[in-house]
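Asker: Now that you have both chains on their own, put them together as the hints suggest.
Chains as they are written, first to last, in my numbering: chain U, 1 to 183; chain R, 1 to 236.
Hints listed in this document are in silico derivations from the structure and should not be mistaken for laboratory results. Hints should not be assumed to be uniformly reliable.
Stated by the list, open to error - What the simulated footprint calls covered on chain U by chain R, stretch by stretch (three residues with Cβ under 8 Å from a Cβ of chain R suffice, anywhere in the stretch; the number is not a length):
(1) 25 to 31
(2) 53 to 59
(3) 95 to 106
(4) 133 to 143
(5) 163 to 169
Unchecked claim - Subject to a maximum C-alpha distance of 27 Å in a straight line, what follows is the list of computed BS3-like cross-link-like pairs (lysine-lysine):
(6) U:Lys52 <-> R:Lys182
(7) U:Lys29 <-> R:Lys213
(8) R:Lys191 <-> U:Lys52
(9) R:Lys92 <-> R:Lys168
(10) U:Lys29 <-> R:Lys77
(11) U:Lys44 <-> R:Lys176
(12) R:Lys191 <-> U:Lys118
(13) R:Lys118 <-> U:Lys36
(14) U:Lys170 <-> R:Lys77
(15) R:Lys140 <-> U:Lys44
(16) R:Lys176 <-> U:Lys29
(17) U:Lys164 <-> R:Lys209
(18) U:Lys36 <-> R:Lys77
(19) U:Lys29 <-> R:Lys209
(20) R:Lys168 <-> U:Lys170
(21) R:Lys104 <-> U:Lys164
(22) R:Lys182 <-> U:Lys118
(23) R:Lys131 <-> U:Lys118
(24) R:Lys77 <-> R:Lys213
(25) R:Lys191 <-> U:Lys44
(26) R:Lys104 <-> R:Lys157
(27) U:Lys170 <-> R:Lys131
(28) R:Lys118 <-> R:Lys140
(29) R:Lys140 <-> R:Lys122
(30) R:Lys92 <-> R:Lys131
(31) U:Lys76 <-> U:Lys29
(32) R:Lys182 <-> U:Lys44
Claimed, not checked - Pair by pair, the computed Cβ-Cβ distance ranges are:
(33) R:Leu224 <-> U:Asn95: 47 to 55 Å
(34) U:Phe14 <-> R:Phe38: 15 to 23 Å
(35) U:Ser159 <-> R:Lys118: 49 to 57 Å
Every residue, glycine too, gets a C-beta built ideally from N, C-alpha and C.
One-letter residues, chain by chain:
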Amino acid sequence: MVIGIITGAVVGLFLLYFVMAYNGFVVMKNNIERAKSNIDVMLKQRYDEIGKLVETVKGYKKYEKKTLTKITKLRKAFEAASTTQGKLAINSRMNAPLGNIFAVAENYPDLKANENFKHLQERISALENEISDRREDYNSTVFEFNNKVQTIPSSLIASIAGFKERDMFKASEEEKKDVKISF
Amino acid sequence: MLRFLSKIGPLPALGIQLAVLLISFQLYQEFYSPLILFLGAIASIVMLFVSYRIKNFLEAIPTSKVRSVAMGMAELKGEASGETKLTSPMTKTKCFAYHYLEQKRQRINNSNVWVTTKDDRKDGYFYIKDKTGELLCYTKGANLDLPGKTIHGFNTKRIETIVTQGTKLFVIGHIKENPFVKDATSSEGYKDLMMGDGEIFIISNNSEKSLRKWYGVATVFSGLSAFGLIVLGFLI
Numbered sequence: 001m002v003i004g005i006i007t008g009a010v011v012g013l014f015l016l017y018f019v020m021a022y023n024g025f026v027v028m029k030n031n032i033e034r035a036k037s038n039i040d041v042m043l044k045q046r047y048d049e050i051g052k053l054v055e056t057v058k059g060y061k062k063y064e065k066k067t068l069t070k071i072t073k074l075r076k077a078f079e080a081a082s083t084t085q086g087k088l089a090i091n092s093r094m095n096a097p098l099g100n101i102f103a104v105a106e107n108y109p110d111l112k113a114n115e116n117f118k119h120l121q122e123r124i125s126a127l128e129n130e131i132s133d134r135r136e137d138y139n140s141t142v143f144e145f146n147n148k149v150q151t152i153p154s155s156l157i158a159s160i161a162g163f164k165e166r167d168m169f170k171a172s173e174e175e176k177k178d179v180k181i182s183f
Numbered sequence: 001m002l003r004f005l006s007k008i009g010p011l012p013a014l015g016i017q018l019a020v021l022l023i024s025f026q027l028y029q030e031f032y033s034p035l036i037l038f039l040g041a042i043a044s045i046v047m048l049f050v051s052y053r054i055k056n057f058l059e060a061i062p063t064s065k066v067r068s069v070a071m072g073m074a075e076l077k078g079e080a081s082g083e084t085k086l087t088s089p090m091t092k093t094k095c096f097a098y099h100y101l102e103q104k105r106q107r108i109n110n111s112n113v114w115v116t117t118k119d120d121r122k123d124g125y126f127y128i129k130d131k132t133g134e135l136l137c138y139t140k141g142a143n144l145d146l147p148g149k150t151i152h153g154f155n156t157k158r159i160e161t162i163v164t165q166g167t168k169l170f171v172i173g174h175i176k177e178n179p180f181v182k183d184a185t186s187s188e189g190y191k192d193l194m195m196g197d198g199e200i201f202i203i204s205n206n207s208e209k210s211l212r213k214w215y216g217v218a219t220v221f222s223g224l225s226a227f228g229l230i231v232l233g234f235l236i
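So that you can see chain R by itself, here it is in the shape it has in the complex (with noise of 0.2 Å):
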């Protein structure tokens, strides 16, 4: 659970955020329990928690050229490049990297709620291209913070987010040694190097501003929020 909160996009953050409240007041109304509100409190602390995690990261993270990336966290700005292996489920487009999700519209405690009845998602491998070069990258565990496609039907939706040639993106995660090259090369250090999986692993075509703004909001939200339960928590 925890490892999924540390590398959740900015909007989830605050969806994830809005449903702990929502819930909070529904269950509260249910049981008449202040315990439920101070509960409530403790998932907005870490919410809260995660969301500036995340946002400090971004802040203190510059951003690399690819020739000059070095081991540890990094972040890079550049071009999706490379052989497109997969074709995507729903749209059919070739792609690098997708995640399809089938969705149903059920009733559950008097609301209406998406339940998730397909999961599918494929990883592979891209190039990030910039002006100077290009770094291999694994998209295994990454939040793809992309643009998805959505198909509604009755009752049911249908979403596909895709790593395509081309998009434009901003991604930080780790860099460790690239596990395709056996003998380093002296010239092109960075051609001996890949991003992948770390503490945090974002996959954006958001630029980082707009990332720190949201992931700021979110962070905010999360602290009112906590602010808020608690004092209900006390007062009722």
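Just chain U, same shape as in the assembly (with noise of 0.2 Å):
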């Protein structure tokens, strides 16, 4: 009898916690999915301003073609891209050649003064700080998710209901080599 009235009690108190493990991977499934969705916000923002900056910069006629013609055929890949890995891949390239005009704006003394230039300059470089934060921010949350996939008791409601690990963003080769210092 006594083990009986136990036994049940343990038994009622797993199916709660179950359904208490699963609510709780269901809002953390949802916040990754929210993080995620976040970076794309910024992202899409990111390259409207890249756009407009072309737009700005294409008047200087001497302006340096090439780095004009690299920056639309990856605002072109960024468009094709399905994912948001990719398109982070593809904003990482983006770096270089906008760090360019940036620098060659320098030689225009009258672009360099336009209001409208000025102002996509300083919203693209916040922009791109902002999708940093926000990338940091998805891996945290899939950092919490994770451990909970792989750490007991929650694992066996991770491996009953079907949830599994997931990936991080890891900064891509270009990111990489954009941190190296030369003296």
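Answerer: Rendered as structure tokens:
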């Protein structure tokens, strides 16, 4: 009798734990999707601003055509990319030609003084920082999710309910190159 | 009641759970009915859900930087700043918001109980400032999980909790549109946003790690209490 009651209570509490842990996984999964969408929104905004930048710079005939062509190609590749990881990789490849545009602008005093150009330059740099922050947020959410998927007792619920580990966004080779400092 | 519980601090959650246990045992001694223990178990299960839900939100939501905060539930870490428009009633401190309580000790059912005789709360706006910017925050509906100052009198006590300039804060709440901004700016998006009341809204000076630990303790305590009360209810 006593054993039956205790077993019943244990089973009841386990079912309760199952429900709570399952809901916990669902909340985390939705947060991962939200974090990913937040990155996509920022990437889209950055690419819209880059488009405006190209239009502003085009007027300066001597401006490096090579750089502009490269940016246009990357923008097309961005539009064709279907995954956030792919878009992030293209975004990091975009930093070198963009840096070139901003550096060359030093040779054109009227372009440098152009309010629209200044605004776009600030906005594009700000958006890059925001993308980087949101990528950190995404990775942090995935880290917590993966910890839950791998550790006991929540790993039991994850395997029953079919929740699997997620991949984090890793820095691309271009980004790793960007942080190299030469003396 | 559920709205209040959804924003409860970790120590009050433990306190409520302890009260549920004590009241269940006390009422059982009076009425000798296992039904009381089962009701206590149900209350414990509610507390279990509440604590676990908050703990889970803390785990699921990453701590954002102000400049990249997005609409919806968010966590921020920073310092309270802005113009202090209020003066707290007890310590006369300039603050952004306060919660003041006056309590009196009374004897109810052979137990000494603190009964609240005055509850005064004033909410206000302040900025949560980190290295990347500052975000407006409105304290209405928040659980102020901050150390309160208590002054004891003869069978009375006065407790004051305040949000002051420069307090290091951890905040979890809902990011919505800033009602003071009519035309959204495009360069610093966070200035168009504000943190306010949501499913969970906690303004704390504890770290996220500490909050998670204590909500975890409250969850386990509620779970064990529910288990114990159910088993006792069947055995008696």
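Asker: For each hint, tell me whether it holds in the structure or not.
Answerer: Verification of the hints:
Taking a C-beta to C-beta cut-off of 8 Å, the stretch 25 to 31 of chain U contributes 3 residues in contact with chain R, enough for the three needed, and the coverage statement holds. With 0 residues having a Cβ less than 8 Å from any Cβ of chain R, the stretch 53 to 59 of chain U misses the three-residue criterion, and the hint is violated. Figure legend: the stretch 95 to 106 of chain U, annotated as covered by chain R; annotation inconsistent (0 residues with Cβ-Cβ distances under 8 Å, at least 3 required). Under a criterion of three residues with beta carbons nearer than 8 Å to beta carbons of chain R, the stated coverage of the stretch 133 to 143 of chain U is upheld, 7 such residues being counted.
Against chain R, the stretch 163 to 169 of chain U contributes 0 residues with a C-beta closer than 8 Å to a partner C-beta. That does not satisfy the three-residue criterion, and the hint is violated. As the CA atoms of lysine 52 of chain U and lysine 182 of chain R are separated by approximately 25 Å, the hinted pair is consistent with the 27 Å bound. Restraint check for lysine 29 of chain U and lysine 213 of chain R: satisfied, since their Cα atoms lie roughly 22 Å apart, inside the 27 Å limit. Restraint check for lysine 191 of chain R and lysine 52 of chain U: satisfied, since their Cα atoms lie roughly 23 Å apart, inside the 27 Å limit.
Only pairs whose Cα atoms come within 27 Å are accepted, and lysine 92 of chain R paired with lysine 168 of chain R is accepted, the gap being roughly 20 Å. At most 27 Å may separate the alpha-carbon atoms for a hinted pair to count; lysine 29 of chain U and lysine 77 of chain R meet this at roughly 23 Å. For the hint linking lysine 44 of chain U to lysine 176 of chain R, the alpha-carbon distance of about 21 Å falls within 27 Å, and the restraint holds. For the hint pairing lysine 191 of chain R with lysine 118 of chain U, the CA-to-CA distance comes to about 20 Å; that is within 27 Å, so the pair holds.
With a C-alpha separation of about 47 Å, the suggested pairing of lysine 118 of chain R with lysine 36 of chain U is violated against the 27 Å cut-off. In summary, the hint linking lysine 170 of chain U to lysine 77 of chain R is supported, as the alpha carbons are separated by about 25 Å, within the 27 Å threshold. As the CA atoms of lysine 140 of chain R and lysine 44 of chain U are separated by approximately 35 Å, the hinted pair breaks the 27 Å bound. The straight-line distance between the Cα atoms of lysine 176 of chain R and lysine 29 of chain U is roughly 22 Å, inside the 27 Å bound, and the hint therefore holds.
Our distance criterion of 27 Å between C-alpha atoms is met by lysine 164 of chain U and lysine 209 of chain R, whose separation comes to about 25 Å. Between lysine 36 of chain U and lysine 77 of chain R the alpha-carbon distance is near 22 Å, which keeps this suggested pair within the 27 Å criterion. Straight-line distance between C-alpha atoms of lysine 29 of chain U and lysine 209 of chain R comes to about 21 Å, which keeps the hinted pair within the 27 Å bound. Restraint check for lysine 168 of chain R and lysine 170 of chain U: the C-alpha separation of about 32 Å exceeds 27 Å, so the hint is violated.
For the given pair, lysine 104 of chain R sits about 54 Å from lysine 164 of chain U by alpha-carbon distance, which is inconsistent with the 27 Å threshold. Of the supplied pair hints, the one linking lysine 182 of chain R and lysine 118 of chain U holds, its CA atoms being roughly 24 Å apart against a limit of 27 Å. With a CA separation close to 23 Å, the supplied pair lysine 131 of chain R and lysine 118 of chain U stays within the 27 Å bound. Taking the CA atoms of lysine 77 of chain R and lysine 213 of chain R, the gap is near 18 Å; set against the 27 Å cutoff, the hint holds.
Proximity of lysine 191 of chain R to lysine 44 of chain U is assessed by CA-CA distance (about 20 Å); at most 27 Å being required, the pair is judged to hold. Between lysine 104 of chain R and lysine 157 of chain R, the direct Cα distance comes to roughly 7 Å. Compliance with the 27 Å bound is thereby established for this hinted pair. Distance hint between lysine 170 of chain U and lysine 131 of chain R is fulfilled; the C-alpha atoms sit about 24 Å from each other, no more than 27 Å. Note on lysine 118 of chain R and lysine 140 of chain R: the hinted pairing holds, with a Cα-Cα distance of about 19 Å set against a maximum of 27 Å.
Distance restraint check for lysine 140 of chain R and lysine 122 of chain R: the Cα-Cα separation of roughly 8 Å lies within the 27 Å cut-off, and the hinted pair is therefore satisfied. Only pairs whose Cα atoms come within 27 Å are accepted, and lysine 92 of chain R paired with lysine 131 of chain R is rejected, the gap being roughly 30 Å. In summary, the hint linking lysine 76 of chain U to lysine 29 of chain U is not supported, as the alpha carbons are separated by about 31 Å, beyond the 27 Å threshold. For the suggested pair lysine 182 of chain R and lysine 44 of chain U, the alpha carbons sit about 24 Å apart, so the restraint of at most 27 Å is met.
Range check, leucine 224 of chain R to asparagine 95 of chain U: Cβ separation about 54 Å, and the 47 to 55 Å hint holds. Evaluation of the 15 to 23 Å hint for phenylalanine 14 of chain U and phenylalanine 38 of chain R yields a pass: the beta carbon distance comes to about 19 Å. Distance hint check: the CB atoms of serine 159 of chain U and lysine 118 of chain R are about 54 Å apart, consistent with the given range 49 to 57 Å.
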